[in-house]
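Colleague: Position chain P against the provided structure of chain U, taking the given hints into account.
Taken in sequence, the protein lines are chains U and P.
Numbering that gives the first Met the number 0 puts the first residue of the first sequence at 0, with every later residue one more than the last.
Numbering that gives the first Met the number 0 puts the first residue of the second sequence at 0, with every later residue one more than the last.
The hints are all genuine.
Chain U regions said to be covered by chain P (calculated; three or more residues, Cβ under 8 Å):
1) 204-215
2) 270-280
3) 312-324
4) 381-387
Here are the simulated lysine to any residue pairs, SDA-like style, with alpha carbons at most 25 Å apart:
5) K329(U) - D360(P)
6) K293(P) - G281(U)
7) K173(U) - A123(P)
8) K214(U) - D88(P)
9) K127(P) - R89(P)
10) K362(U) - G304(P)
The hints are simulated quantities; they were obtained by calculation from the structure and are not laboratory data.
C-beta atoms are modelled at their ideal positions from N, C-alpha and C, and glycine is treated no differently.
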Amino acid sequence: MAKVLEGPGMGLMKKWGIHVPHYVVVTSADELAKLGQANDWMKTSKLVAKAHEALGSRFKLGLVKVGLDLKGAVAATKEMIGRQVGSIMVTQVIVSEMVSHKEEYYCAVKSTREGSEILVANCGGIEVESNWDRVKRLCLEVGQAPSPDALETLSKDAGFTGALTKKMADFAGKMFTCFDNEDAQYLEVNPVVVRESDGELVALDAVTLLDGDAKFRHPDWNFQFAAEFGRAYSKDEMEVMAVDSKIKGSVKFIEIPGGDTAMLPAGGGASVYYSDAVVARGGKLANYAEYSGDPPDWAVEVLTEKVCSLPGIKNIIVGGAIANFTDVKKTFGGIINGFRKAKSDGKLKGVKIWVRRGGPREKEGLDAMRALKDEGFNINVFDRNTPLTDIVDKALQK
Amino acid sequence: MSILANKDTHVVIQGGAAGVNAARRMAEFCYLIKRPLNVEAFVYPPDAGKTNEIPYGSGLIAIPVYKTVAEATKNHPTINTSLVYIGADRAMKGAMEALDDSHIKVASMITEGVPEKDAKLLGAHARKLGKVFNGPSSIGIISAGACRLGVIGGAFDNLVLSKLYREGSFGVITKSGGLSNEIIWICSQFADGITTAIGIGGDAYPGTDYVSYLEMFENDPQTKAVVIVGEMGGDLEERAAEWYGAKKRRVKLIGVVSGFCQESLPKGMKFGHAGAKEGMKGEGSARSKSDALKKSGAIVPATFGALGPAIKETYQELLKSGQVKEPVEPAVLPKLPKSVEEAMRADEVMVAPLIRTTISDDRGDEPCYDGYPASELINKGYEIPHVIGLLWDKRLISKQEAEIIKRIMMLSADHGPCVSGAYATILAACAGIGMSQAVAAGLIMIGPRFGGAVTDAGRWFKYAVDNKMNVDEFLAYMKKNVGPVPGIGHRVKSLRNPDKRVKELVGYVKSLNIKTPCLDFALQVEQVTAAKKDNLILNVDGTMAAVLVDLGFPVDSLNGFFILSRTIGLIGHWVDQKRQDSRLIRLFDYLVNYAAPKRREVPPLK
Chain U
0 MAKVLEGPGM
10 GLMKKWGIHV
20 PHYVVVTSAD
30 ELAKLGQAND
40 WMKTSKLVAK
50 AHEALGSRFK
60 LGLVKVGLDL
70 KGAVAATKEM
80 IGRQVGSIMV
90 TQVIVSEMVS
100 HKEEYYCAVK
110 STREGSEILV
120 ANCGGIEVES
130 NWDRVKRLCL
140 EVGQAPSPDA
150 LETLSKDAGF
160 TGALTKKMAD
170 FAGKMFTCFD
180 NEDAQYLEVN
190 PVVVRESDGE
200 LVALDAVTLL
210 DGDAKFRHPD
220 WNFQFAAEFG
230 RAYSKDEMEV
240 MAVDSKIKGS
250 VKFIEIPGGD
260 TAMLPAGGGA
270 SVYYSDAVVA
280 RGGKLANYAE
290 YSGDPPDWAV
300 EVLTEKVCSL
310 PGIKNIIVGG
320 AIANFTDVKK
330 TFGGIINGFR
340 KAKSDGKLKG
350 VKIWVRRGGP
360 REKEGLDAMR
370 ALKDEGFNIN
380 VFDRNTPLTD
390 IVDKALQK
Chain P
0 MSILANKDTH
10 VVIQGGAAGV
20 NAARRMAEFC
30 YLIKRPLNVE
40 AFVYPPDAGK
50 TNEIPYGSGL
60 IAIPVYKTVA
70 EATKNHPTIN
80 TSLVYIGADR
90 AMKGAMEALD
100 DSHIKVASMI
110 TEGVPEKDAK
120 LLGAHARKLG
130 KVFNGPSSIG
140 IISAGACRLG
150 VIGGAFDNLV
160 LSKLYREGSF
170 GVITKSGGLS
180 NEIIWICSQF
190 ADGITTAIGI
200 GGDAYPGTDY
210 VSYLEMFEND
220 PQTKAVVIVG
230 EMGGDLEERA
240 AEWYGAKKRR
250 VKLIGVVSGF
260 CQESLPKGMK
270 FGHAGAKEGM
280 KGEGSARSKS
290 DALKKSGAIV
300 PATFGALGPA
310 IKETYQELLK
320 SGQVKEPVEP
330 AVLPKLPKSV
340 EEAMRADEVM
350 VAPLIRTTIS
360 DDRGDEPCYD
370 GYPASELINK
380 GYEIPHVIGL
390 LWDKRLISKQ
400 EAEIIKRIMM
410 LSADHGPCVS
420 GAYATILAAC
430 AGIGMSQAVA
440 AGLIMIGPRF
450 GGAVTDAGRW
460 FKYAVDNKMN
470 VDEFLAYMKK
480 NVGPVPGIGH
490 RVKSLRNPDK
500 RVKELVGYVK
510 SLNIKTPCLD
520 FALQVEQVTA
530 AKKDNLILNV
540 DGTMAAVLVD
550 LGFPVDSLNG
560 FFILSRTIGL
570 IGHWVDQKRQ
580 DSRLIRLFDY
590 LVNYAAPKRR
600 EVPPLK
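Pulled out of the complex, with its shape left as it was, chain U reads as follows (with noise of 0.2 Å):
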């Protein structure tokens, strides 16, 4: 699931045929200005100028300013440029037409296992979230587009009349062909809106998350995919995802700031085993982490000397189940000598290793991690014969 920002979804839904207001995407106030000389309507519409970057709550934060002439927004985009809130600082500002409306309506196409769903309502903005009963579903088989009339009556279902409900059905079904097309797992727009200039519905505000696994066929994506949870990625964060993407096989890290039990565990779904032990017996993981598929050595040490560069652990599980295919003695040759670096940097002091793991030359692997002892590593050592997560529970003992 990638979240992609409101510049490029909107371009998105325009490329679909849905009507966005005018935009622009600007990294300086200069930029904005000579816009503004080569666009009419930012000299003619009141303007909305919004911080361009995955945070939330940016109306609180002063990173929206509604109402503007070009001036002001030229002045609010200088004021926002490279502010710093938390670990994102703002490079980009969005600034938008206002369009001058009434009513505000909904419109949603969600990924459901059976295919999709498109979602409306003929209510919009913060209102929809207390109605959510408001709220009318046309369930789609994968495959199955929607038919004119299955939209007008879903359009009706929800309450639009007139003409409003040929509009609304057009409007969903434009969504749909978005969706269905650009590969995204969902789409909001909230608030629809009537543009009382000319009667059209127009999408006010967007919020896109594509499937990230099918970049492959669309060579126009060129936008970049906005951090999931509120920060930015860290350097650490950022080198291992370079890493990732050039192996066979995957290293994965995240950092969560003020743990002290770090992760170094193997496989997409021990993993997360691992760290729900770690929270069940009242430990605070410093970090996720996970490397499976038999990635290179070089890779496992990359990721082995981030998570030994965390700040303030006490102990690193190694925990691993009984692997298919991926080489212990090899991987774990990756982890042995990103534990030598840190030791040599002065990392690791006072640290207590944890290693549990099974699989293709596992003897030969627990041996070599055994070995650390006589090197001055706080490292004990299990194999299969102990429960996955028994690990975490003799880390913690008090």
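Modeller: Positioned in the frame of chain U, the structure of chain P alone reads:
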């Protein structure tokens, strides 16, 4: 009994190297259960028409590779299952091709990173056709004692430890590939093992979900209980709970769900599997899934660690009620033949080495020359002549010796385009021949008449010095036993037109005040021979030879100095011709003396 995969399963594998690896693993399992290999064919257009060699026991089985699934099933009509090992961008097309083939009943996809829409389309298509599409991101399917599809089950030792050679009573369904193995292992240690274990993949919308497989397990009398390993995200576990709670089921259901940690983690945190994500409104959390399973009557251990004991308890109940009997283990199991390397590591065989080397070893992280790591030689200031000393004479030569060798090489690197070696290389280059062959053509010219006299010259000068001969004795000996003295004489140079290279080298070596008995002897020989005939001077081969023998290099290595140096020139000539894009050349008729008989009639063949 088992579900999905059994003794009648015959497989086509779609894909390249990863598919071949899976076939190897499957062959190990077939060998363990003493069944023929169940992989009948591969489909991989780039290799169509070839075969893939799959080790089975100590032998190899050649499995044909086809361009299309249709070709594979036409030639192997027993095929009923396809394993898809194709990249994410082409995986859907490949799996569709398999599903649309009337022979294929089950398609299982290991590919990760397949677009959600593709997975849904494949799932829907399979359901419409009444077939099974398993995956994407599936580690595979294994039925104990019957059939392995993919790498699920791990290494051979693990197959044995997890008792996969014979049936147990537990079905397993997991999203995670690694955990499938863990559960199989747990079932073999805390109970009597598994019937079938299925990896459904960690994607948000797997082609087949828990419920479909639970239904199959319910109808498999051998399966008495099913273990499902779930994780947060989606609603598959809730659906499983709904199925289990809907009516009295024959199988017992044991389930664990991961993702409780999410309650205390930053929102939106991404986990290992694509499907492991919380819904917009918090649905699909580990807690809601776990609660749903409990409510349905399933056994839900509090932690993963408690799963073993829960399985054990279930098994004990099954034993007590007589639904299962203690399994009988086979007395002897086949042992997977070890590779030579493995057997040697285990000190089980002794292999007589084929070759023996005494000069270098690159099995570590870098080559070692006569024991010295190359990088250390570089960092301590050693140069090419020292490497020559190490590899040709197994000794670390002095700075002075290195300087002499360097000078010898510089003096003999090239001698213009007209000499046999360079001319041969140029001729080859003009004929469009590649570097290694063209340079080799030049090197082939090195012999008794061109550059190849160094070794012989060294041999005989050394012979004379070792036997304390004087010049007259030496020349008499050579005349009687050998012939012309190697290293003496030049086609164009003479006393009056001396070879500057010889003068240069002799001058330098003499200036060093080192003992040079061979060189001294060679110069004495020159005085006598040149007095007889003007061009019987000590030539560059002879000078090099005498100096190198004085430095202690073995006689047999001496030609190497000329070959090595001249290779520099030959490469230069080849590159030079290439750079000019020279055209093919041939001799002009006027350069040939046609001395063959005149044209005449061929007599009738007798």
